[in-house]
Amino acid sequence: MSKNPRLFKQPVRLIVSVEQKTVKQIDELMEGRQHHQHRNRAEFVRQAIERELARCQQ
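In this text, residue positions in the sequence shown follow the UniProt record's numbering: the first is 1, and each later residue adds one.
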């Protein structure tokens, strides 16, 4: 899994559509006191994709 998206050698922009309630849940998580590693929605989605890929490869 990549650690720093700014160091990507060949970045590709990916556009996704999600339900409004999903975006609201992400925003609430980011604004809350819960610990999280992401700093914005895009980073949240990138990490989620990478976790799912790793899970599927096991």
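Hints are computed from structural coordinates only; laboratory data are not their basis.
All of these numbers come straight from a predicted model, not from anything done at the bench.
Glycine included, each C-beta is placed from N, C-alpha and C at the ideal position.
Keep in mind that the hints are not guaranteed to be accurate.
[What the hints assert, rightly or not] Here are the computed distance ranges between Cβ atoms for each label pair: (1) GLY32 to LYS9: 13 to 21 Å; (2) GLU31 to GLN57: 14 to 22 Å; (3) SER17 to GLN47: 16 to 24 Å; (4) LYS9 to GLU31: 19 to 27 Å; (5) CYS56 to GLU31: 13 to 21 Å; (6) PRO11 to ARG51: 14 to 22 Å; (7) GLN10 to GLU31: 26 to 34 Å; (8) LYS9 to GLU43: 17 to 25 Å; (9) GLU50 to SER17: 17 to 25 Å; (10) LYS24 to ARG51: 18 to 26 Å; (11) VAL16 to ARG55: 17 to 25 Å.
Here is what the structure says about each hint:
1. GLY32 to LYS9: 13 to 21 Å: With Cβ atoms ~34 Å apart, the hint is violated.
2. GLU31 to GLN57: 14 to 22 Å: Since the Cβ atoms of GLU31 and GLN57 sit about 32 Å apart, the hinted range of 14 to 22 Å is violated.
3. SER17 to GLN47: 16 to 24 Å: holds, 19 Å
4. LYS9 to GLU31: 19 to 27 Å: violated, 33 Å
5. CYS56 to GLU31: 13 to 21 Å: This hint is violated: roughly 30 Å between Cβ atoms.
6. PRO11 to ARG51: 14 to 22 Å: holds, 19 Å
7. GLN10 to GLU31: 26 to 34 Å: The hint (26 to 34 Å, Cβ to Cβ) holds, given that GLN10 and GLU31 are roughly 33 Å apart.
8. LYS9 to GLU43: 17 to 25 Å: holds, 18 Å
9. GLU50 to SER17: 17 to 25 Å: For SER17 against GLU50, whose Cβ atoms are near 20 Å apart, the range 17 to 25 Å holds.
10. LYS24 to ARG51: 18 to 26 Å: holds, 21 Å
11. VAL16 to ARG55: 17 to 25 Å: holds, 18 Å
In summary, the structure is inconsistent with hints 1, 2, 4 and 5 from the numbered list given earlier, while agreeing with the others.
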